[in-house]
Amino acid sequence: AQRVTQPEKLLSVFKGAPVELKCNYSYSGSPELFWYVQYSRQRLQLLLRHISRESIKGFTADLNKGETSFHLKKPFAQEEDSAMYYCALFQGAQKLVFGQGTRLTINP
Amino acid sequence: NAGVTQTPKFRVLKTGQSMTLLCAQDMNHEYMYWYRQDPGMGLRLIHYSVGEGTTAKGEVPDGYNVSRLKKQNFLLGLESAAPSQTSVYFCASRPSGTGELFFGEGSRLTVL
Chain A
290 AQRVTQPEKL LSVFKGAPVE LKCNYSYSGS PELFWYVQYS RQRLQLLLRH ISRESIKGFT
350 ADLNKGETSF HLKKPFAQEE DSAMYYCALF QGAQKLVFGQ GTRLTINP
Chain B
202 NAGVTQTPKF RVLKTGQSMT LLCAQDMNHE YMYWYRQDPG MGLRLIHYSV GEGTTAKGEV
262 PDGYNVSRLK KQNFLLGLES AAPSQTSVYF CASRPSGTGE LFFGEGSRLT VL
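Taken in order, these protein sequences are the chains called A and B.
My numbering numbers the first residue of the first sequence as 290 and each following residue consecutively.
My numbering numbers the first residue of the second sequence as 202 and each following residue consecutively.
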């Protein structure tokens with residue numbers, strides 16, 4: 290079955306430290322993966338998609354098919370990065386499956 | 202530029218009452234979705250629609266019904282609310298050919 294796993298429910302780092310939010314997936318086909326973010330009192334929004342291979346707000350994510358991972362990374366955390374982050378797998382045709390989410394807190 | 206709009210944003214129900222959540226999108230998207238968000242559970246898909254007049258079950262459909270009579274609207278109904286349905290509900294839509302979802306602001310439902 291297709292599944293997305295985010296092993297950390299909570300992650301706390303200091304401002305300026307590197308950040309890595311883990312995401313692992315299981316999918317039999319060719320995966321299309323996303324990171325969504327929900328800032329306090331805002332709606333969920335797309336942060337990154339693996340196809341575009343872009344960097345948004347300093348975040349990058351590389352698809353590793355061998356390890357079935359799509360970890361989100363940022364070299365220097367900022368306080369405004371505090372938010373809820375969801376990894377998501379597009380199952381093709383119809384559905385997006387989300388992980389359990391990781392609440393990231395950046396301490397000053 | 203409204204995007205995806207959900208109403209109501211907050212509601213308190215007693216066990217056994219019924220209610221309907223309305224989702225409206227003005228982007229002419231084919232696909233629409235209802236998710237619930239619970240602590241530690243992430244976003245779980247309740248029902249979805251691939252076009253006007255069609256609906257399908259998601260991961261947690263029990264206790265909910267949906268309708269998509271018009272392309273721009275996707276209604277989520279609770280016929281007999283239960284405390285287990287206390288949650289934040291998110292509607293989302295997307296166009297064909299992409300996995301990018303556009304979300305509403307969420308509706309917080311409390312069932313006493």
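One or more of the hints may lead you astray.
Covered by chain A, according to a simulated footprint, are these stretches of chain B (three or more residues, beta-carbon under 8 Å) [said to hold, decoys possible]:
#1 232-244
#2 301-307
One-sided excerpt, in silico: chain A residues whose CB lies under 8 Å from chain B [to be verified]:
#3 LYS298
#4 TYR316
#5 GLY318
#6 GLU321
#7 TYR328
#8 ARG332
#9 LEU333
#10 SER341
#11 GLY355
#12 PHE379
#13 LYS384
#14 LEU385
#15 GLN389
Calculated directly from the structure, the hints in this document are not laboratory data.
Here the structure is a predicted model, which is why all the values come from computation and not from measurement.
No residue lacks a Cβ here, since even glycine has one placed at the ideal position from N, Cα and C.
The hints, checked one at a time:
no. : hint    : result
1   : 232-244 : holds (count 7)
2   : 301-307 : holds (count 6)
3   : LYS298  : holds, 6 Å
4   : TYR316  : violated, 12 Å
5   : GLY318  : violated, 13 Å
6   : GLU321  : holds, 5 Å
7   : TYR328  : violated, 12 Å
8   : ARG332  : holds, 5 Å
9   : LEU333  : holds, 4 Å
10  : SER341  : violated, 10 Å
11  : GLY355  : violated, 22 Å
12  : PHE379  : holds, 3 Å
13  : LYS384  : holds, 6 Å
14  : LEU385  : holds, 6 Å
15  : GLN389  : holds, 4 Å
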